[in-house]
Structure formats: C-alpha cells, structure tokens
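In our numbering, each residue carries its 1-based index in the sequence shown increased by 253.
It is worth saying that the hints were derived from the structure and are not from the lab.
Hints may contain errors.
Unchecked claim - With a straight-line cut-off of 27 Å between C-alpha atoms, the simulated DSSO-like cross-links for lysine-lysine are:
{"id": "1", "residue 1": "K283", "residue 2": "K348"}
{"id": "2", "residue 1": "K281", "residue 2": "K300"}
{"id": "3", "residue 1": "K283", "residue 2": "K300"}
{"id": "4", "residue 1": "K281", "residue 2": "K348"}
{"id": "5", "residue 1": "K348", "residue 2": "K300"}
As the list claims (entries may be wrong) - Distance windows between CB atoms, simulated:
{"id": "6", "residue 1": "L311", "residue 2": "L355", "range": "19 to 25 Å"}
{"id": "7", "residue 1": "M275", "residue 2": "V338", "range": "17 to 23 Å"}
{"id": "8", "residue 1": "V357", "residue 2": "I324", "range": "24 to 30 Å"}
{"id": "9", "residue 1": "S347", "residue 2": "L308", "range": "21 to 27 Å"}
{"id": "10", "residue 1": "K348", "residue 2": "S295", "range": "17 to 23 Å"}
{"id": "11", "residue 1": "W259", "residue 2": "K348", "range": "33 to 39 Å"}
{"id": "12", "residue 1": "R293", "residue 2": "A322", "range": "33 to 39 Å"}
Don't be surprised by glycine CBs; every beta carbon is placed ideally from N, CA and C.
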Amino acid sequence: MNIFLWVLQGLLGAAFILAGIMKTTQPKEKLAGTMTWVTRRSAGTVKFIGAMEILGGLGLILPWATGIATILTPLAAVGLAIIMVLAIGDHTRSKEYNVIGLNVILGAIAVVIAIGRF
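Go ahead and model the full structure; you've got the sequences and the hints to work with.
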C-alpha cells in the first residue's frame, strides 16, 4: 500500500506542480487558449491558483519524503481535493462539461492519498 500511495503522490504532485508553474509563469492571455476558465478570472487569481497548486504538489511529496511534519501530506491532499471540487463547480456553472472528468479523477486520487496517509 505504501508503494501505491507513493506512486500516486509522485504523479499527482508532479501534475499539480507543473500545472501551477504554467499558471504562475504564463500570461493569462496565453493560458486562455487551452484553459477557457482563465477568461473569467483576474490575472492575480490565476496566479494564486497556480501558487496553491505548486504548494499542494510539494506538500504531497516533501513532508512524507523527509519525515518532517508528515501530517502536511494528507492535509495537502485534502486541499487539492477541495480545489478540484471548486473547479468542478466552476466548470458546471459555465457548462464546460468536457473538462469535469479530469477534475473528478484528480480529486479522487487526492482523496485516496488523504485517506491512505491519515
């Protein structure tokens, strides 16, 4: 079970870190080509979401890997699951049903990590 959780943590952590880096370093206009939701948010909000994704991704990996404050790993997973629930709500309101599946999958993986690590 530990190896399974590590694989999930590594993959989900990398996915959120990379997505967060993209949101914090790219201009909003460039992101709008692939992420239609950014047109409904300010540039600061997009960067904030990206920063939270980076921190959540790091929180999935670093505390458990170092053995320091390991409670932060399941808490990071819960935080990322909450971000995905909010994303699902936003996409539903905007009738962007085609992207909800990815949010559900990422959120479910975060929940599995949270349960496994608590």
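Structure-based check of all given hints:
{"no.": "1", "hint": "K283 to K348", "in the structure": "22 Å, holds"}
{"no.": "2", "hint": "K281 to K300", "in the structure": "9 Å, holds"}
{"no.": "3", "hint": "K283 to K300", "in the structure": "13 Å, holds"}
{"no.": "4", "hint": "K281 to K348", "in the structure": "21 Å, holds"}
{"no.": "5", "hint": "K348 to K300", "in the structure": "23 Å, holds"}
{"no.": "6", "hint": "L311 to L355: 19 to 25 Å", "in the structure": "21 Å, holds"}
{"no.": "7", "hint": "M275 to V338: 17 to 23 Å", "in the structure": "21 Å, holds"}
{"no.": "8", "hint": "V357 to I324: 24 to 30 Å", "in the structure": "26 Å, holds"}
{"no.": "9", "hint": "S347 to L308: 21 to 27 Å", "in the structure": "26 Å, holds"}
{"no.": "10", "hint": "K348 to S295: 17 to 23 Å", "in the structure": "22 Å, holds"}
{"no.": "11", "hint": "W259 to K348: 33 to 39 Å", "in the structure": "37 Å, holds"}
{"no.": "12", "hint": "R293 to A322: 33 to 39 Å", "in the structure": "35 Å, holds"}
When the structure is compared with the earlier hints, no violation turns up for any of them.
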